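As a plain string of letters, each chain reads:
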Amino acid sequence: MTDRLSRTTGRRGSRRVGALLVLAVVLFAWLAPWLAPGDPYGQSLLKALGAPDAAAPFGYDHLGRSMIQRLAAALQLSLLIAGVAVVAAACLGVALGVLAAARGGWVDRALVLVSDSLLALPGLLLVLILSALIPPRPLAFGAGLTLVLWIEFFRLTRATCRSLLASPGVQASRLLGFGRLYLFRRHLWPEIAQLLLTTAAFGAATGVMTIAALGFVSVGMQAPTPELGLMMVELMPYWREAPLTLLQPVIAIFLTLLGLNLMAGGRQA
Amino acid sequence: MAATGYRLLQALLLALFIGVTTFAMMRSLPGDMAWRIAAHRYGYDLVDADAVRLVQEELALGGPLLPALVQWLTDMVRLDFGTSLVSGESVIGEITHQLGASLQLAAVALALSLLLGPPLGILAGLKPGGWLDRGLLVLASGLRAMPQFLLGLLLILLVSVRLGWLPAAGHGSAGHFVLPALTLALGLAALSARIARDAMAAVAASPFYGFARQKGLSDAQVLWRHGLRNVSVPLVTCLGLQFVTLVEGVVVVESVFGWPGIGHGLVHAIFGRDVPMVQGTALVMGLTFVLLNALNDALQRRLDPRGTGR
Amino acid sequence: MKKLVAATLACLALAGPAAASSDRTLDVVAPFEVKGPDPALSGAVFQRMGIAETLVDADIDGQLRPGLAQAWSVSADGLVWKFPMRSGVHFHDGSPLTAEAAARSLRIARDKPGLLDKAPIAAIEAVAGAVVVQLSEPLAVLPAFLSEYRSQILAPAAYDDDGRVRALIGTGPYRVTSLTPPMSLEVARFDDYWGVPARIGSATYRAVGRAESRALLAESGNADLVYNLDPASRARLAGSATVELLSAPLPRSLLVKLNAAHPFLSDGRARRALSLAIDREGLSRAVLRYEAAANQLLPPSVPLWHDPEAAAPGYDPEAAKALLQALGWQPGQDCILRRDGERFSLSLTTYPDRPELPLVATVLEQLWRQIGVEVKIHSTNSSAIPEGHQNGSLELALFARNFALVPDPVGTLLQDYAPSGDWGAMGWRHDRFESLIRGLARGEGGAQQRFESMAILQRELPVIPVAWYRQTAAVSRRLNGARLDPFERDFGLDALSWRD
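Protein sequence lines, in the order shown, are assigned to chains U, C and A. Following the working numbering, the numbering of the first sequence begins with 1 at its first residue and continues without gaps. Following the working numbering, the numbering of the second sequence begins with 270 at its first residue and continues without gaps. Following the working numbering, the numbering of the third sequence begins with 580 at its first residue and continues without gaps.
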């Protein structure tokens, strides 16, 4: 018993740490360009791989571009794409999940089958295929990730709603003649909302990771766009000359993922 | 049996999805595509209009949409993926070749992860809150925040370049297996260790476990008789979850380490707009994944006959 | 499961030190993929690995010399070429090399994209132990065309009935023991070789696309011969104890192609302004990391065509601004030039296959911004460049052009600049240049005509030469006799030997 208790408090603690980490990353991404003004694309070749100075507190990359600017821009890009995809996936997933639970019958079965089949396609594969189909990369990534992430929202919402809809409270509300919207707001939403945060954090982690992984294997964003995976590839040849510069995107992605994972709690897979 | 039928239906829908998407891919970029294919085939800075004309003739793009789609899907059902637009070899031949390399890597990685993860997890689970447990928790969270490509990169720099112990990339000797397999395995092990730990902690805290110890059985005997079987059920479930990581990992890890498997082939085919290869590879990967899950279902039923409703 | 675990353990046990064992197979690593046995696809790799050969060969200075043909001669009207075959040559399957087999190989090669399908060839036949090529108009560079990798001679058994290549059976010092597209190729010494046999018994070729990975392979000693190193890795490997760096200038230039039909670029002064704004010295030091600033199209490694007295390219942003001002361009609020309400904004297409290209593009963007020209970089598949050329949508393109596919660059110049070509001039025409080059291709004219034609290109700037390339390779210190072929025809395997 005490074990479980300490674990729940421990979990809550680590969630708070995660949220703080994510907040710090977000603040960095949007405030850094403001604190150290400059341009993530602006080069000064003389300063290539140069040490930090007042104008560029994190030093310069191989083309003499300010690392702090590029890191911030890359984080903004990844977080924006992942964020938009998560929101879109949540809307889609929750709507379809409620629909499946409320309607049941063939609608339910068909939706479950579709989601299960898509689930059988590894997410990275899905995003890759879509990026070959839709030329603008951010859009392709957003769409691909949405297509990957909605399934989780759908499954959770459906499972929660099914048990809730069968509960005495909802039955009573129904008998009293309350409308569907009321049912949703009063009974379903509070339960779903709790699940959403966890799933969203996990989804965002998947998104950030996918974008970076594809950048790293050169099928993601294209240079000169600042993107974390791409930055690592670009800086990798200079690992001996400028190990700290290479380490920066590595740390950035590590902290982002760590924060999001901690936020998602002990959720597996 | 119903479960098998459902898996079959799932596989069918998956195939349909891949077929239609790749068909759309084939059709959506006809002008651009012949150019890309020619570039990939004849060398990126040698391609010219003549080469493209030849490719265009060969592809015979165009014609009415619906009959072409039906033909495309029929070919797919007959497992006739045609020939690679780049090499001109049959797609199925290239894929079987690549699949072999990928399966080898995946099997070694999986075995390695089972060797690392569950034993550590069980040890940690026997003493929840102990130093091993805490250390493992930190390590596992760290590993989960470390994408595979990052892990691969760090391993290459450290083990291969800094220490010069193992080859950084390539395929052929046993030494080539270690780094890519380890990259894949560490992520998997982190997960299975967590699961084994939680399950073991639950079992160890359960009344029957305590009773078994009171009976006078030694620690090892209790663990063997009552612990392992109960831990194995969630572990096998977790195995199912790991296949996703494995299949995705194969794409990334193979690209990073230049492993000539199906994941590397897919990234390549997408880059060169080699649609028949994309179709074949995606289909094989998706179906392998469904098959693995079906096997996992069956294994789960064997281990835990009480049955788990879906 | 137990078996699997046991197998893993066995693998691990074998792995560690065994990876560095001295099995004495030479490991070659380069970026080029092996797409299949067809020379039209991957012939360059087969040629460099010493598997397949051509009728005409070239030495390390680019001078043509007999290959599978003993010699060659041309009729007085320049229309009939005769290549008598070397005797006593055997293919790897044991069958003898005959003029019939060679003629068939060439006829098949001609049906595929390449140089032969563009040459004015009327017929290729075998007559009395010689390959006879009938032309419809004179072509002095024909022997050079026949030395290119797509003109390789394979055994009759290599082809199926439709002329598709089914197996790679050549005549070179090495024969294929295993071919696994797209990444690897294994060869063993061919004992029945007609020339001097190779010293190293077996070799493997691996295609590794990522420059960083290649450098790591060299650095960690997992490969003996690693080609195409990127600038940063080169700097790092220069201090290595395990490898030696070899470097040679290549007849390959980094060029900016301009659409001379575009209203902004149709005036030669606008093209000159763009050229003057490029800090070639700084760029080559920072990105390529060697002195490579180009003041003309072809580098000094092509002495016949390179004018050593040509003026330096010049870097003068102020003069560039003045030129553009004279054309009616005025800076707008955002510092970008404007004329009749139009902004001087162009798109620059390039591709990431050569890792330095996107880097150079980003540098060019900054340099041109300083004279008020905005450039949007479009890094995509390389095919976008010839495609944009064909449909007229291309504005600027940055690419690397190899002028020594055949040892004589005239073939490439003819294709690219007389008057225009996918990888050359666009919307540009110069009658004097065209007649000079056509004459040189027929075999008329000499150094004066060559230099004059090059001077026209440098004056008119249908393309802006930015830098010249160097090939850099890392060679294991365990090897003796490594050399770089500036014409990239040969890895030089047959001259290599182990040091101990």
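Certain hints may be false.
Stated by the list, open to error - SDA-like mimics (lysine to any residue), calculated; alpha carbons at most 20 Å apart, straight line: (1) A:K955 x A:G920; (2) A:K697 x C:F480; (3) A:K691 x A:E765; (4) A:K955 x U:T225; (5) A:K691 x C:P503; (6) U:K47 x A:Q949; (7) A:K691 x C:D314; (8) A:K661 x A:V706.
Unchecked claim - Not everything, but these chain A residues come out facing chain U in the computed CB check (under 7 Å): (9) D741; (10) E791; (11) A811; (12) S812; (13) R815; (14) T941; (15) S958.
Claimed, not checked - Here are some chain A residues the structure puts well away from chain C; computed CB gaps all over 12 Å: (16) G622; (17) S654; (18) K697; (19) R729; (20) R743; (21) A767; (22) A817; (23) S826; (24) A840; (25) A901; (26) G1000; (27) D1064.
In short, the hints are calculated from the structure, not lab data. Values in this document were obtained by computation on a predicted structure and should not be read as measured data. Backbone N, C-alpha and C define an ideal beta-carbon position, used for all residues, glycine too.
field: Hints the structure fails to honour
entry: When the structure is compared with the hints, numbers 2, 3, 5, 9, 16, 18, 19, 20 and 26 turn out to be violated.
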